[in-house]
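Note that the protein sequences, when read in sequence, are chains A and B.
Anchor point for the first sequence: position 53 equals 53 in the working numbering, and the numbering is continuous, going up by one each time.
Each position in the second sequence, counted from 1, maps to that position plus 1000 in the working numbering.
The hints are simulated quantities; they were obtained by calculation from the structure and are not laboratory data.
Since this is a predicted model, take the numbers as computed values, not measurements.
Honestly, I wouldn't trust all of these hints.
[Said to hold, decoys possible] Computed beta-carbon distance windows for the label pairs: (1) A/Asp31 with B/Ser1086: 31 to 37 angstroms; (2) B/Pro1107 with A/Asn95: 22 to 28 angstroms; (3) A/Ser52 with B/Gly1016: 22 to 28 angstroms.
[Said to hold, decoys possible] Which bits of chain B does chain A cover? Going by a derived footprint, with three or more residues having C-beta under 8 angstroms, they are: (4) 1016-1027; (5) 1031-1044; (6) 1104-1114.
We put the beta carbon where it would ideally sit given N, CA and C, even for glycine.
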Amino acid sequence: GESVGLHLPTLSVQEGDNSIINCAYSNSASDYFIWYKQESGKGPQFIIDIRSNMDKRQGQRVTVLLNKTVKHLSLQIAATQPGDSAVYFCAETPNDYKLSFGAGTTVTVRA
Amino acid sequence: KAGVTQTPRYLIKTRGQQVTLSCSPISGHRSVSWYQQTPGQGLQFLFEYFSETQRNKGNFPGRFSGRQFSNSRSEMNVSTLELGDSALYLCASTAQGAGDNEQFFGPGTRLTVL
Chain A
1 GESVGLHLPT
11 LSVQEGDNSI
21 INCAYSNSAS
31 DYFIWYKQES
41 GKGPQFIIDI
51 RSNMDKRQGQ
61 RVTVLLNKTV
71 KHLSLQIAAT
81 QPGDSAVYFC
91 AETPNDYKLS
101 FGAGTTVTVR
111 A
Chain B
1001 KAGVTQTPRY
1011 LIKTRGQQVT
1021 LSCSPISGHR
1031 SVSWYQQTPG
1041 QGLQFLFEYF
1051 SETQRNKGNF
1061 PGRFSGRQFS
1071 NSRSEMNVST
1081 LELGDSALYL
1091 CASTAQGAGD
1101 NEQFFGPGTR
1111 LTVL
């Protein structure tokens, strides 16, 4: 079946640097994409979302980029902080309800 | 507003038993979705309920079932447990208003099948 996947399982970043987490999706019918952050022992936490009629959306210290031509999604975190250490998942859905998640990228922030 | 709550947080069962997990959505949220999270398969969609009706279903066997009550609280049941059912079961609720489809996740129930 179709699925969403992340390019790298782990990412190590220096505190204060910018982080970029990538995700490829294959369901061309998907029109809603979300990034989640999951810390140990907790459920996924919404970070930012984007609809397919947009190619960029900014939040607080985070930016999501969507390239529908190559079915690629990325999450940029500015000035990465120790509290950003977590597993990051991209998710996509064609109907707002049934989310398909990628495998996740574990981000470790070095002090 | 209180977040999504799930009970119990941890559960240990043996093969062949059945289990019922409970989820209370955020007040006012009418949609509840269930996901299974394992190291090998990641997060996988189980089913989604809205107004007491199952609206979407994932690719899980019939041993996995759920229901939703009139107050939007939801339960999922797994019968004839197998070792592979050991996982973190996550519940998420959504307001389902116009443009308001963000899913809020609970902390999960950690099920261990021995």
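Tested hints:
1. Between aspartate 31 of chain A and serine 1086 of chain B the beta carbons are some 34 angstroms apart, a value that agrees with the proposed interval 31 to 37 angstroms.
2. Judged by the Cβ atoms, the range 22 to 28 angstroms given for proline 1107 of chain B and asparagine 95 of chain A holds: they are separated by roughly 26 angstroms.
3. A beta carbon spacing of about 45 angstroms between serine 52 of chain A and glycine 1016 of chain B contradicts the range 22 to 28 angstroms that was offered as a hint.
4. Given as covered by chain A, the stretch 1016-1027 of chain B fails the check, having 0 residues with a CB less than 8 angstroms from a CB of that chain where 3 are the minimum.
5. Residue count for the stretch 1031-1044 of chain B with a Cβ under 8 angstroms from a Cβ of chain A: 6. That meets the three needed, and the coverage hint holds.
6. For the stretch 1104-1114 of chain B, the stated coverage by chain A holds: 5 residues have a C-beta nearer than 8 angstroms to a C-beta of that chain, and at least 3 were required.
In the structure shown, a violation is registered for the earlier hints numbered 3, 4, in ascending order.
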